[in-house]
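Participant: Each protein sequence line maps, in turn, to chains A and B. Numbering that gives the first Met the number 0 applies: residue 0 is where the first sequence begins, and numbers increase by one. Numbering that gives the first Met the number 0 applies: residue 0 is where the second sequence begins, and numbers increase by one.
Be careful, since some hints might not be right.
Any copy will do: because identical chains look the same in the list, a pair fits if it lies in one copy or spans two.
Simulated crosslink set (DMTMM-like; lysine to aspartate or glutamate; CA at most 25 Å straight-line) [unchecked claim]:
#, residue 1, residue 2
1, K291, E560
2, K367, E72
3, K557, E531
4, K512, D17
5, K94, D157
6, K12, E577
7, K557, E537
8, K557, E490
9, K12, D571
10, K291, E262
Read the hints as simulated data drawn from the structure, not as lab findings.
The primary structure of each chain is shown beneath.
2 protein chains.
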Amino acid sequence: MPMPVKAEPAAGKLTIDDSFSVTSTGVADPRLNAAINRFVLRLARQTGIPILPGRPQAGRVALTIDCATRGAEFPTLGEDESYTLDVAPEGARLKSASVAGAMHGLATFTQLVGPSADGGFQAAAIHIEDAPRFPWRGLMLDSSRHWMPVEVVKRNLDAMADVKLNVFHWHLSDDQGFRVESRRYPKLHMEGSDGLYYAQADIQDVVAYARDRGIRVVPEFDIPGHTQSWLAGYPELATNPGPYTIGRTWGIYFPVMDPTKEELYTFLDGFFAEIAPLFPDPYFHIGGDEVKEDQWKASASVQAFMRAHQVKDEHALQAYFNQRVQKLLEKNHKVMVGWDEILHPDLPMNIVVQSWRGQKSVAEAAAKGYRGILSWGYYLDHLSPTSFHYNVDPLGDDGVKKLTPEQTAGILGGEACMWAEYVNAETVDSRIWPRAAAIAERFWSPRSTSDPDSMYARMEAVSRVLEWSGVRHRSNYAPMLDRLAGGRPAEPLRVLADAFEAQGLGVRAHAQKYTSMVPLNRFVDAVRPESELVRSMELAAKRMNAADAALLRSQFSKWAENDARFQALAQDNGLPAELKPLSKDLSALGAAGLRMLDYIAQNQVAPADFVAEQTRELARMQRPAAEVGYAAARPVRLLFEKLKK
Amino acid sequence: MPMPVKAEPAAGKLTIDDSFSVTSTGVADPRLNAAINRFVLRLARQTGIPILPGRPQAGRVALTIDCATRGAEFPTLGEDESYTLDVAPEGARLKSASVAGAMHGLATFTQLVGPSADGGFQAAAIHIEDAPRFPWRGLMLDSSRHWMPVEVVKRNLDAMADVKLNVFHWHLSDDQGFRVESRRYPKLHMEGSDGLYYAQADIQDVVAYARDRGIRVVPEFDIPGHTQSWLAGYPELATNPGPYTIGRTWGIYFPVMDPTKEELYTFLDGFFAEIAPLFPDPYFHIGGDEVKEDQWKASASVQAFMRAHQVKDEHALQAYFNQRVQKLLEKNHKVMVGWDEILHPDLPMNIVVQSWRGQKSVAEAAAKGYRGILSWGYYLDHLSPTSFHYNVDPLGDDGVKKLTPEQTAGILGGEACMWAEYVNAETVDSRIWPRAAAIAERFWSPRSTSDPDSMYARMEAVSRVLEWSGVRHRSNYAPMLDRLAGGRPAEPLRVLADAFEAQGLGVRAHAQKYTSMVPLNRFVDAVRPESELVRSMELAAKRMNAADAALLRSQFSKWAENDARFQALAQDNGLPAELKPLSKDLSALGAAGLRMLDYIAQNQVAPADFVAEQTRELARMQRPAAEVGYAAARPVRLLFEKLKK
């Protein structure tokens with residue numbers, strides 16, 4: 000995952016053992032050498048085989064890489080990322096036009112490796128020809144609303160490389176935090192970050208780390224709205240006088256920069272001159288979304304400026320601001336990227352529009368000749384089912400049919416977005432992975448690769464492969480449950496957690512008053528967005544052979560028995576107290592499932608009162624409780640449908 | 000854990016929330032400040048509460064630290080490590096004579112924190128007075144036989160600090176690897192390490208990291224035996240001419256330095272002059288164990304030297320060598336430490352003898368006026384039950400009764416030893432932790448703290464606390480099972496793994512031919528040395544109230560059902576193939592346990608053939624298979640005993 004364009008299995012297998020070594024016969028390139036070294040270490044980690052790079056080798060070359068060109072110093076939009084990979088029993092051969100392509104081929108190889116029948120590891124023989132469908136395949140990470148330390152960023156870059164994502168869109172400022180050290184304007188990070196910011200050396204470190212993995216870094220500094228953290232240090236940039244402090248609540252804020260003040264552009268000129276060189280990529284994101292017009296409307300000086308300059312409304316005022324900003328960026332050799340709202344006829348054609356509003360809006364931008372990337376439908380913080388994201392295509396809007404091929408090519412790809420209201424450094428990996436792998440496939444693989452069952456099966460496998468990249472989407476699960484269990488054995492909590500699914504922003508925003516100071520240490524934070532266990536039970540309930548029935552029976556029994564143990568665990572511990580009714584519900588679901596299995600096995604008609612009760616209960620469990628969804632109800636519902644037939 | 004000398008619970012609790020802050024009223028010290036900062040971050044990690052050090056605080060001081068003196072620049076043997084800690088609802092107060100004591104108090108505080116009834120976290124009110132029983136409380140880590148990267152060392156230092164261990168004994172060279180960069184003799188690390196060695200900057204980094212945590216670093220360079228990795232680069236130091244390569248097999252090697260060559264001492268003089276300054280602690284370990292005399296006996300020149308200098312035997316020759324080495328160390332202001340074998344009347348009284356041979360030998364050394372530390376009984380690589388280690392006391396030998404108080408004080412403490420034949424960077428944490436916490440308690444707490452049930456209960460709790468120090472003894476379990484499962488859901492493997500216990504060196508050394516190139520990625524490497532699940536079942540089988548019977552029934556059913564699923568998982572995958580008979584055995588144990596529960600519940604006499612079969616089967620399962628022990632048989636055995644009565 001992503002599925003290659005062409006993959007033809009062949010006969011035999013290549014053995015992976017401690018004699019594994021790689022030779023590069025093409026262009027000599029330090030970045031490629033580093034990638035090969037990482038690949039070998041990764042293979043060692045993934046298989047547990049001690050492949051020591053420093054050990055004198057017997058001479059078997061298992062993988063030969065032929066990379067034609069070095070390419071640009073930094074990953075570049077639109078570069079040739081194709082590769083071919085042939086795995087055969089006597090060795091594997093990877094060919095690519097560029098270092099980026101070679102790295103993609105290595106990532107593919109990583110996913111071919113699995114245990115063999117003889118107790119070792121192997122890569123099955125195969126012929127692969129592969130290239131991406133879209134050149135812009137991104138992940139946006141919000142480091143503002145919750146702080147994301149460098150190590151979190153780095154491990155996610157590693158995982159991105161695993162699934163061939165090539166743009167790291169770094170949301171570095173918002174109302175709740177300004178996260179970059181500015182030497183010219185030190186009050187930005189001093190007053191705007193609670194001391195949690197990236198030093199300039201950190202930025203350089205991350206950019207170099209991303210470059211080594213073929214990933215472009217596009218920074219976002221969101222202006223003129225979403226700027227309360229800037230205004231904490233520099234209230235003079237604001238429309239209203241302030242004072243301001245770092246935002247700690249969620250939602251759209253009123254404070255906004257004053258685009259009518261010439262000092263603002265002087266400030267931004269200095270800011271870009273300092274910050275732009277930290278990011279070698281030519282694209283620079285200025286946000287531009289969700290600007291509240293209230294302060295502009297209420298300001299006499301802003302209104303006077305608008306009249307004086309014949310600015311017809313506040314949207315036009317923002318366009319004026321964007322034009323000014325665009326010129327400043329141009330001075331620094333940057334191309335402006337922004338959210339939907341920046342689109343305006345006064346802006347030059349080379350800007351890139353990122354659409355959070357819908358597939359339609361990216362198609363419309365393309366029709367006007369702009370380039371666009373799609374993010375609507377890829378909001379990871381909504382914790383939608385992966386199948387929903389997977390079904391959203393950057394070219395999915397009907398309007399695309401009317402585009403010229405050139406205009407269609409202006410739809411560069413898309414980005415999965417990880418907004419950070421409800422995630423922190425501990426939980427963010429489990430909200431990104433493995434689901435972003437399916438979105439990565441949407442950006443890379445042919446549009447015809449779209450079967451959700453195949454996607455889920457492969458995503459579960461790739462979830463395990465991603466463990467070895469360093470992301471903690473799986474490994475942070477148990478410690479979080481241990482914390483909730485307060486030192487007691489967490490098994491009853493795990494049984495519960497495996498049966499529920501975390502809800503996203505839509506539910507959480509209305510569940511209680513959240514701020515950046517509310518701990519994300521609850522059940523909903525530990526629980527995964529989608530339950531692998533429940534998916535396997537749904538498949539079993541649909542198929543219902545003898546093994547399936549046995550599996551369901553065993554799992555339902557476990558649920559039925561679990562409540563007594565859970566209640567003991569939750570004694571005197573307030574953290575899991577909210578789960579007491581859910582645990583009862585799970586046990587009731589288990590008991591109901593067992594009865595349904597009996598009725599089905601014995602071909603009996605279920606009693607009317609049982610049917611009535613289950614109809615009511617299963618309907619009730621359509622709605623989340625404690626900010627988690629009753630995944631466990633789904634397989635029971637499937638049986639119930641069978642029963643009612 | 001370790002249990003404090005005096006702990007008196009008081010009324011009420013101190014709330015831990017995001018306003019938590021610490022003030023230091025005593026001596027100003029950067030090391031203390033760093034420790035406080037780490038403590039606050041740790042508290043945030045452990046609870047999931049966003050306690051931001053950089054956020055302007057409302058002013059509540061939850062913990063006041065009064066530390067009287069800064070102490071020496073580096074942790075020092077015998078410094079005052081005592082502290083008192085008072086936790087009360089209005090705040091906590093920590094008093095100590097030294098920074099080391101303050102850090103111990105913070106570690107204790109960490110363990111007092113748990114969930115409260117209202118959904119937050121708290122520390123229960125308590126009065127603690129505490130000080131260690133022994134001044135030398137160590138953990139030895141072998142970085143030679145398998146390579147241990149710096150991050151592995153660091154996270155283990157963090158865990159050591161959690162349980163108040165204060166000596167990191169770093170085994171840096173052995174036949175299988177020389178792990179330190181030597182600029183003067185670069186062939187040591189170039190020819191002796193497969194490229195896996197600590198740069199001098201790494202060493203300095205680790206030493207500083209340890210110092211910050213109150214931990215002394217005592218390096219060990221094992222000479223004159225265990226030196227094949229030295230001889231790979233410098234064969235001229237050897238008794239026999241060589242050539243030599245890095246050792247890859249386990250066991251005692253024949254190659255040994257030639258103590259009769261004057262060039263050897265020139266070499267060592269240069270070596271110590273370069274290496275000794277990297278380690279500020281005055282103690283320096285020269286190993287000295289397991290010297291094979293064969294090469295000395297066979298060498299005409301060595302024998303001629305012995306005759307010429309009236310060296311009466313090979314043990315005396317090693318003593319001659321040690322005397323020479325001791326003088327070189329003295330020149331570098333180092334006190335010599337070595338294993339049992341260095342003890343010889345010709346050596347000065349200030350040396351320290353580390354005993355791997357037994358409690359008796361440390362008592363004997365003390366009787367002769369030497370100082371000693373005990374390691375016999377604390378060999379973690381044996382994977383003995385923790386209760387065994389816990390029961391071994393440094394003053395446990397009868398000979399101690401005859402010592403003067405001064406001689407007794409010469410028994411400085413002990414060290415847990417993690418030899419690395421059968422562990423690597425991935426598995427080592429789970430072999431050290433949580434078991435070393437019980438050994439740490441033996442070194443710290445009063446000898447009367449000795450109840451194994453209490454120890455096990457507290458160790459299981461501390462195992463979870465240690466998660467937040469960064470060691471991966473728990474979190475590496477699931478990925479290793481995932482690897483074994485080859486991408487399939489690992490649950491049936493987890494059921495199996497929870498029911499078995501890994502065997503140590505004693506079993507593994509005879510199970511198959513191991514070398515440093517054999518992957519440690521098998522079931523035995525993933526499985527833990529002691530099963531928490533089985534312990535809880537043993538307790539249940541002993542108590543046997545209604546809830547206990549239900550728990551056992553549920554677990555036995557799970558085992559009974561598991562084999563079918565396990566066999567499906569193991570299809571076409573050679574890695575878990577060796578477990579197929581074990582899985583059948585586990586299911587049979589489950590079925591037998593269920594029958595026993597029925598007989599007991601119904602007060603029936605079990606049929607003779609069943610008794611005969613179980614007698615035979617349970618006896619068979621006394622012996623390990625696939626290098627793991629049948630932990631699951633223990634609770635069944637307990638029921639069987641009940642049944643036979």
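Participant: All hints, please: hold or fail.
Facilitator: Verification of the supplied hints:
no., hint, in the structure
1, K291 - E560, "neither (53 Å within a copy, 61 Å between copies)"
2, K367 - E72, "neither (32 Å within a copy, 69 Å between copies)"
3, K557 - E531, "both (16 Å within a copy, 19 Å between copies)"
4, K512 - D17, "between (55 Å within a copy, 16 Å between copies)"
5, K94 - D157, "within (22 Å within a copy, 45 Å between copies)"
6, K12 - E577, "between (52 Å within a copy, 22 Å between copies)"
7, K557 - E537, "both (16 Å within a copy, 21 Å between copies)"
8, K557 - E490, "both (11 Å within a copy, 14 Å between copies)"
9, K12 - D571, "between (56 Å within a copy, 14 Å between copies)"
10, K291 - E262, "within (21 Å within a copy, 81 Å between copies)"
In the structure shown, a violation is registered for the earlier hints numbered 1 and 2, in ascending order.
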